[in-house]
Each structure stands twice: as C-alpha cells, then as structure tokens.
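**Q** Read off the chains here:
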Amino acid sequence: MSDLSHAVRIRRMEKFYGAFHALKDINLEIGKGERVVICGPSGSGKSTLIRCINKLENHQAGSINVLGTELDDNLDNIDEIRRETGMVFQHFNLFPHMTILENCTLAPRLVRKQSQAEAEEIAMAYLTKVKIPDQAEKFPGQLSGGQQQRVAIARALCMKPEIMLFDEPTSALDPEMISEVLEVMIALANEGMTMVCVTHEMGFARQVADRVVFMADGQVVEEAPPSEFFDSPRHDRTRAFLNQILGH
Amino acid sequence: MVSILKQKAYRDATNQVLFVGAIALTVLTFTMVGRENLEAQGITSGFGFLERSTGWSISFSLIEYSTSDPYWKALWVGFLNTAFLGAVSLCLATVLGLIVGIMRVSGNAMVELVGASFVEIFRNVPLLLQVFFWYALLTALPPPRSGIDVLGVIFLSGRGTYLPGLNVTGEVVFLAVVALMAALAGVLWLKSSRRFARRSARDKKRLTRGLLAGWLLLAIVLFWIGRIPDTPLLNLPYLKGLNYRDGIRVPPELLACIVGISIYGAAYIGEIIRAGFNAIGKGQTEAGLALGLTTWQIFTRIRLPLAIRAVLPTLTNKYVWLFKSTTIGIAVGFADFFMIVSTSINQSGQTLELIAILMGGFLLVNYSLAWVLNRVNDAIKLKGNQLRM
Amino acid sequence: METVYREPTFVQSLKTRYFSNLWDSVFTLAFAALVIWIVWNLFDWGVLNAVFSAENRDLCAHGSGGACWAVIDARWRLILFGLYPFEEQWRSAIACAVMVLVAGLSCAPFFWSARRLAGLWLSGFAIFYVLMRGGVFGLTPVFEQRWGGLSLTIFIFASVSLLGMPLAIAFALLRRSELPWISRTMGLVIDTIRSLPLLTILFTFAIVVPFVLPDFLIGDKLYRVIVGYAIFFACYQAEIIRGGMQSLPAGQEEAAKALGMGYWYRIGYIVLPQAFRNALPPTINQFVITFKETTLVAIIGFFEILASGNAAYGTSEWNFAHVEVYAFVGMIFFVFVFALSRYGAYLERRLAVASR
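Residue numbers (the working numbering), protein chains in the order written: chain A, 1 to 248; chain B, 1 to 389; chain C, 1 to 356.
Just to be clear, a hint being listed does not mean it is correct.
[What the hints assert, rightly or not] Computed, partial: chain B to chain A, Cβ under 10 Å: (1) Ser193; (2) Arg194; (3) Arg199; (4) Glu286; (5) Leu289; (6) Leu293; (7) Arg301; (8) Pro313; (9) Leu382; (10) Lys383.
Since the hints were made in silico from the structure, they are not lab data. For each residue, glycine too, the CB sits at the ideal point set by N, CA and C.
Could you build the full structure based on these sequences and the hints that come with them?
**A** Encoded structure:
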C-alpha cells in the first residue's frame with residue numbers, strides 16, 4: 001500500500017463550515033518521530049486542522065492519511081486511527097465523575113480490552129511519569145489546572161498511541177502552571193514521540209520542534225525549522241505575527 | 001430617646017420580636033377563634049375521635065378495612081393508597097421520562113421530533129384534564145360481558161382492569177416487593193460502586209446471581225408462609241355471569257390516576273434529563289472519542305452519569321411536586337389520603353385536627369423523599385471546586 | 001487548485017440528517033411510520049369523518065366513526081362563559097380578550113419596568129372586573145357566582161398573579177433578611193407551604209378558614225380561594241426571585257451601598273430589576289404552571305372551564321362526546337400554554353446571548 005515512513009500525510013485538504021472556507025488546500029506531511037508545532041493568529045484554522053486528524057472535525061475534500069490508514073467515512077478506519085492517536089485538549093476534558101486512576105484506565109480497559117490490574121499498572125507508571133502518582137484516587141475537581149492537564153497527558157499516553165496531538169494545552173492555565181506541563185511535553189519529545197502541537201509557547205517551539213508551521217486564514221503560510229523560522233521568516237505575515245507574539 | 005431607636009442593634013432586635021410576635025399572635029387568634037366556633041357547633045376538639053368507628057366504606061384499600069373500623073385506620077388506608085399511587089406513578093414516570101429524555105438527545109431527527117411532541121402535548125395540558133380524560137376513556141370501556149381480553153389472563157372493562165395475581169396476604173407481597181427493590185439496589189450498587197471496582201467481572205457476576213437467587217428464595221418462603229389457605233396459588237380472573245371473579249381488580253380511578261400522573265411526570269422528567277445532557281460540555285464527548293471509545297460507551301459511562309449528577313437536585317424537586325399531585329385522586333373518586341380526610345371532615349366535623357393530620361402526612365412524606373434523594377445527591381455529586389467543564 | 005463549495009443537495013442533507021447509518025435509518029423509518037399512522041388516524045377521526053354542526057347530532061350518536069365536534073357547536077358558550085347571562089356574554093368575551101392582550105403586551109420589552117407592568121396589569125384587571133361585574137356605566141350587574149368557564153379561569157389566574165407577585169417579593173426580601181429570626185421563620189413558612197399540595201391549601205382556605213377567622217374577615221369563597229392560591233404562588237415565586245438575587249454578583253449591592261443608597265433604593269433600583277431579569281425564564285414557567293393548576297378549583301366546586309366542560313357533555317344527549325369536549329378544552333390550554341412557554345424559551349436564549 002503506502003509507505004509507512006510518514007505518520008500523518010495531508011494532501012489538498014479542504015474544510016468548510018457551511019459556506020465558510022475554514023481550511024484551504026492544506027498540504028502537510030509529518031514523519032514518524034517528528035515534532036511539529038503549528039502556530040498562527042486566532043481564527044487561522046490551526047485547531048481545526050489538528051482536530052481533523054482524528055476526525056473530531058470532518059473534511060470535505062482532499063485526503064488525510066494517518067499511519068497508512070486513510071481517514072474517510074469508514075467507521076473501522078476512524079476507530080483505528082483514534083486508537084493510535086492521543087489528544088490533549090485546551091480545557092483538559094477529564095471525566096469529573098471518575099477518579100484520576102479511573103480516567104486513565106477507562107479506555108485501555110474498554111478499547112484495548114486490558115484487565116483492571118494491567119490497566120492500573122500502566123496507568124500508575126504514566127502517572128508517575130507526569131509526577132502525580134499520589135493523586136491517583138482524587139477527583140479532577142480537586143486538582144489544580146496544571147495537575148489536571150498532566151493527568152490528561154497521562155490518560156492519552158495510557159493508550160500507547162503512536163502520535164500525540166496537543167490542542168493549545170497551556171492556553172487555559174495560570175502562568176505559574178505552564179512550565180510543569182511543558183516539562184512533561186519536552187520529556188515526551190525527548191523520548192521520540194511523534195507530536196503535533198498547536199501552541200503559542202514559542203520557547204517550547206524553539207527548544208523541541210523539528211518544524212514550525214505558520215497558518216493564517218485557513219492556509220499554511222510558511223513552514224521551516226525553528227532556527228530559520230524565528231530568525232529569518234520569509235513572509236511578511238509571519239514576520240508580523242512573530243513581532244506581535246515576541247515583541248511585548 | 002430617638003437616638004436609641006436609630007441604634008441598629010436595638011432596631012434589629014425589635015423588628016425580629018415584632019415579626020415573630022405577629023406571626024405567633026395570628027396563629028393564636030386562629031386557634032382561639034377556631035376553638036370557639038367548633039364548640040359552638042358542639043364539636044369537641046382533640047384527637048379522641050380517632051378511636052371512633054367511621055361507619056362508612058372505602059372503595060379501594062390495600063389492607064383489610066370494614067365500616068366498623070376506627071378513624072385512624074381509615075386515615076391509614078388513605079395514606080397507604082396515596083403512598084402506593086405515588087410510588088407506582090413516580091417509578092413509571094422515571095422510566096418513561098428517561099426514555100423520552102434519551103430520545104430527545106439521540107441525534108436522530110425523527111426520534112427527537114417524536115420525543116419533543118410527546119413533551120409538548122403532555123406538558124401543556126393540565127394534569128386534572130388528563131386524568132379526567134383517561135378516566136372517561138377507561139369507564140367507557142365495554143362492560144364485563146364484552147370486555148377486552150388480553151392473552152386470556154388480563155381483562156379490560158368499564159368496571160376495572162383485572163390482572164392475574166397470587167393468593168397471598170398483602171403484607172407478604174409488600175415484603176417481597178421491598179426485598180426486590182433492595183436486591184435491585186444492591187445489584188446497581190455492585191455494578192457502579194468503587195468498592196467493587198477492583199473485583200473481577202466473574203466475581204461480580206457471581207455476587208449478582210447470588211443476590212437475585214437469594215431474593216427468589218426469600219420470595220418463595222414468604223409466599224409459602226403467607227398463603228391464603230384453601231386457595232390455589234395463582235389467582236386468575238375469569239368471567240362468570242355479568243362480572244369477573246378473582247384476579248386483582250384495578251379500579252378505573254386508580255388506573256386513570258396512575259396513567260395520568262406517569263405520563264405528565266414523564267413529560268417533565270424527560271425535559272429535565274434533556275437539560276442535563278445539554279449541560280455537559282462537548283469536550284467530554286470529544287475526549288471519549290479521541291480515546292477511541294464507542295458512542296454507546298461514551299453515552300453510558302460518561303454522558304448519562306454526568307447528566308444525572310447535573311439534574312438530581314432539580315429532579316428531587318420534581319419528585320416532591322409529582323407526589324403532591326396524587327391528591328388529584330379525589331377528582332375521580334380514588335380513595336387517596338386527601339379524599340379520606342375530606343370525607344372524615346364531612347362526617348365527623350373535626351376539621352382542624354384532620355387538616356393538621358393531612359398536612360402532617362404530606363410534610364412527612366415530602367421531607368423524607370427529599371432527605372433520601374439529597375443523601376444520594378451528596379454521595380454521587382462531583383467533588384472538588386476546580387472543575388472545568 | 002480551487003475547490004468550489006457546493007451547498008449540499010436536498011437529498012444529501014436528508015441523508016445525513018435521517019439516514020446516516022443503519023440504526024439511524026431503522027429508527028427513522030420506524031418512528032416515521034408511527035407518526036404517519038397516528039397523524040393519519042387523528043386526521044381521519046378529527047376531520048374527515050367528523051361531524052361539525054349541532055343539527056347533525058343524530059349522526060354522531062349512531063357512530064359516524066369520527067369526532068363529534070357538534071357538541072362544541074352546541075355547547076361552546078357554556079364552556080367559555082359558564083352560566084353568564086346569555087345577553088351579556090359579549091362582556092365576558094371582551095373581558096377575556098382584554099386579559100389576553102395584557103398578557104401579550106407584558107411580553108414586549110417596552111413594558112419591562114415595574115411601574116409600566118404594574119400599571120398595565122392593574123388597568124387591564126380593572127377593565128376586566130368592571131366588564132364582568134357590571135353595576136356601573138349602565139351595565140347590568142352580574143355577580144361572581146354566575147361567572148364561569150374560561151372567563152372564571154382567567155379571572156382566578158389574573159387575581160392570583162396580581163396578588164401573588166407583590167407577596168412573593170415581600171416573602172423573598174424577608175427570606176433573605178439579615179435578621180436571623182425573620183429569615184429562618186420565613187424560610188420555615190415557605191418550605192412548609194411548598195411541601196403541601198396545592199389542592200389541600202385551596203381546600204383549607206375554602207372550607208376550613210371560615211372556622212378560624214373572625215366573622216368580618218370571612219368574605220366570599222371565591223376570594224378566599226384566590227388568597228390561598230396567591231400565598232402558594234408567592235412561596236414558589238419567592239424562591240425563584242431569591243435564586244435570581246443569589247445569582248447577582250455581590251459587588252452590585254456593595255457598589256450601591258458605597259454610593260450611599262439606602263435599603264429601599266438599593267432593592268428597588270439595583271437588586272430587584274436584575275434579579276427579575278435573571279429569574280425571568282423560571283418566572284414565566286411559574287405563571288404557566290399557575291394557569292394550568294387553576295383547574296384544581298373545579299374540585300372545590302367552582303365552575304371554571306374544566307367543570308363547565310364536564311357539564312357540557314354531562315347531559316344525556318351528549319354524554320358520549322367526552323373525548324371531543326376534553327380535546328377542545330385541552331386545545332385551549334395548549335394554545336395559551338404553548339405560546340407562553342415558547343416565549344419563555346425564546347427569552348432564555350436571548351438573555352443567554354446578552355450575558356455572554
């Protein structure tokens with residue numbers, strides 16, 4: 001079939017909200033083990049793009065291929081892709097009526113059919129990794145925002161995905177909690193996880209990203225390695241955006 | 001002097017004393033005038049009349065009652081009738097309401113339309129009208145000789161609906177039903193409580209089966225003890241002459257009330273449950289989808305539990321309100337608590353005492369109902385104050 | 001490459017909305033069949049085979065297989081106006097129309113100030129009362145005992161609302177008083193009354209209260225029942241208003257205090273207007289429920305619309321026509337209540353948008 005050196009391959013993808021053209025002719029390829037940061041002004045479609053990858057949003061034209069599986073209306077394909085991709089949301093979206101441990105073991109038990117003991121072992125390992133193993137029996141409402149987001153990352157990791165998608169993971173956090181979450185993401189990147197990150201944290205991008213993609217008005221304007229991107233952007237739009245973001 | 005009046009503390013104290021005093025005075029005046037008026041009519045006050053026998057019969061009773069029984073027993077019969085009507089109607093309304101609520105958030109446009117029509121039709125017409133309607137319909141059924149026959153064991157007629165039953169005493173049936181509710185509650189608790197989450201699925205299945213088998217055994221023992229002698233166990237209605245014999249007769253008044261209150265309640269409960277689902281952020285569903293859970297799994301494990309937690313306080317209010325609406329029985333002649341009290345007032349004249357008993361009865365049930373549901377709410381409500389939903 | 005956006009065709013949107021997967025299609029077809037069957041039978045019974053005119057009563061009685069709307073044709077005056085004298089029924093009709101107009105106008109934002117609303121309702125009610133009661137302006141007097149049907153229902157509803165609303169505000173203010181004795185006593189009173197069935201309260205006021213009141217206070221049974229219902233309404237509405245006040249940020253009253261506004265100014269200009277705005281949807285719901293539950297007075301012997309409906313088919317010539325009469329009365333309620341609750345939903349959406 002297709003070669004599997006890419007994690008995500010998007011070709012000529014278009015998305016409409018009714019008559020509004022949200023994403024225009026997107027062409028993007030993300031290789032295995034690559035870390036890609038997507039940035040841009042609000043309304044540029046970056047969240048929409050990342051949500052198309054695991055079919056939380058539907059695309060109307062073009063093709064999206066994730067780990068060799070084509071993303072179409074076939075439910076089996078969608079399920080398979082969702083098993084192999086993990087997503088971290090801006091507003092955490094932890095299940096408030098379940099403990100932290102239950103949040104992490106729910107999907108492995110139901111989807112990967114693991115036993116309770118197996119799932120708990122894996123969950124505790126990841127919770128230790130994100131440095132909150134002691135909170136396992138607490139409820140999401142009892143944790144701070146930073147802790148909740150770290151749990152959300154652990155929850156996604158418990159499914160052992162091949163790709164991790166981050167949709168503005170630190171935008172809803174108080175400033176003092178951003179670094180604890182970024183730490184976890186950097187550690188994840190250093191282990192070789194394929195990551196697609198929508199974020200405004202340019203320091204993170206500079207440190208971790210293999211490529212930075214700039215989007216505006218539903219189109220990919222520029223993509224380049226961080227050094228090139230930050231020091232010598234090619235387009236005026238990019239320059240203007242960087243001035244705004246980094247200027248103050 | 002004036003400056004003292006302007007002192008806030010002094011004024012506050014005076015206001016409070018005046019307020020409570022005014023209320024106390026009013027209540028006192030009412031009691032005294034009431035007593036005067038009743039004495040003028042030769043009616044003694046006090047609760048002694050409860051020991052007197054009533055001399056009148058009651059059309060529907062769950063326990064044995066005869067015309068020579070005292071007033072307190074008549075009131076107890078009425079109370080049991082109301083409790084029975086309330087329990088049955090509330091259960092049916094909950095089940096039906098859950099179905100309607102789920103229909104309204106199902107995502108299928110046709111199903112949602114039917115659910116919405118149901119809610120709008122039955123919510124916007126007064127309950128009394130609905131009960132009258134069902135009563136008129138049920139009494140317009142053909143007489144027993146040409147009654148409607150369902151499967152040969154259930155008969156519908158203008159004189160009532162006849163269901164097959166068991167020839168056992170009422171107390172035994174009550175105990176069996178209570179034990180069944182306890183067993184079902186136990187099974188529910190087993191499946192959802194954290195305490196049992198770590199047990200394996202096989203263990204849980206065995207425990208469930210054990211609970212249900214235990215109930216069956218208990219039921220058999222109870223029915224053995226409570227058998228009415230010289231009768232077969234199964235009590236099937238059959239047509240004899242102009243009427244049906246045996247079987248459990250459900251009078252049209254009772255059935256009309258049950259149907260009316262259940263459907264009216266279901267319309268309201270369905271709306272509340274829909275509001276509960278709508279109160280859950282989209283993010284919960286998206287997180288479930290992103291993790292690879294199926295729609296059904298997301299619905300039963302995430303959306304439904306959260307919806308119930310969101311609306312339990314509102315549901316509690318609605319249940320209390322629905323229970324109060326059982327007083328509608330008097331309009332169609334069902335011998336509920338209110339009707340027995342008003343008949344007693346007519347017959348004995350002990351107005352104030354009986355009204356006090358009536359209010360006391362309803363206060364008791366409503367406070368208990370609210371207390372139980374509030375405890376459940378406290379047990380399952382979402383913990384913590386850092387919720388981002 | 002340019003992709004042109006094409007509006008989904010009618011067939012395509014039908015497909016996504018109703019037939020997106022197998023289960024969806026099954027449910028759609030099954031429920032559609034159910035709906036069609038119900039609607040067809042209703043149409044058949046209610047329109048195609050129905051008898052509309054009163055002269056054709058005999059057709060009905062021998063089973064035309066359809067609805068016998070003839071009973072409405074013969075008895076509508078009874079249902080709408082009760083036993084009001086025939087020549088004066090036009091007054092009753094105009095009075096009802098006036099109240100409906102008042103209710104409709106209350107929905108217009110123009111009237112959304114305490115003064116205008118109060119003025120609108122008080123003048124509307126006065127006109128209603130004068131028209132119904134007569135005795136002035138050359139109108140023959142018609143006493144309350146002869147009022148009935150829809151006009152009695154509307155009268156009770158309007159009186160309860162007019163009396164109950166100020167009571168509700170008083171109860172709410174007392175309930176949230178800073179003085180513990182007052183707030184707790186009021187809380188006890190409100191909770192107790194809310195735990196009691198409305199029917200028992202109406203019954204108590206109708207039958208029991210004459211025993212405990214000194215003679216000069218007893219008054220007419222109708223007005224006693226209205227007072228009782230108004231107190232019940234006030235307890236529920238007080239809790240709704242209190243909820244509206246609680247959702248007000250504390251800063252509002254603090255700002256008013258800082259500006260030197262006294263208690264009544266604060267309450268009247270800052271707290272209550274905003275509390276009412278917050279509590280508007282539940283308040284409308286409360287009015288809707290109040291209107292529906294006026295039917296309960298039929299049990300205590302008042303000849304409101306449900307009782308007059310029962311009387312309409314209660315005679316031997318129409319006693320088979322119960323379904324049609326109930327359907328007619330039900331439709332009257334449905335129209336009023338549905339309109340009001342739709343308006344409430346619309347308001348809720350509009351207020352939610354405004355607050356974002």
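**Q** Out of the numbered hints, which ones does the structure contradict?
**A** Violated: hints 1 and 8.
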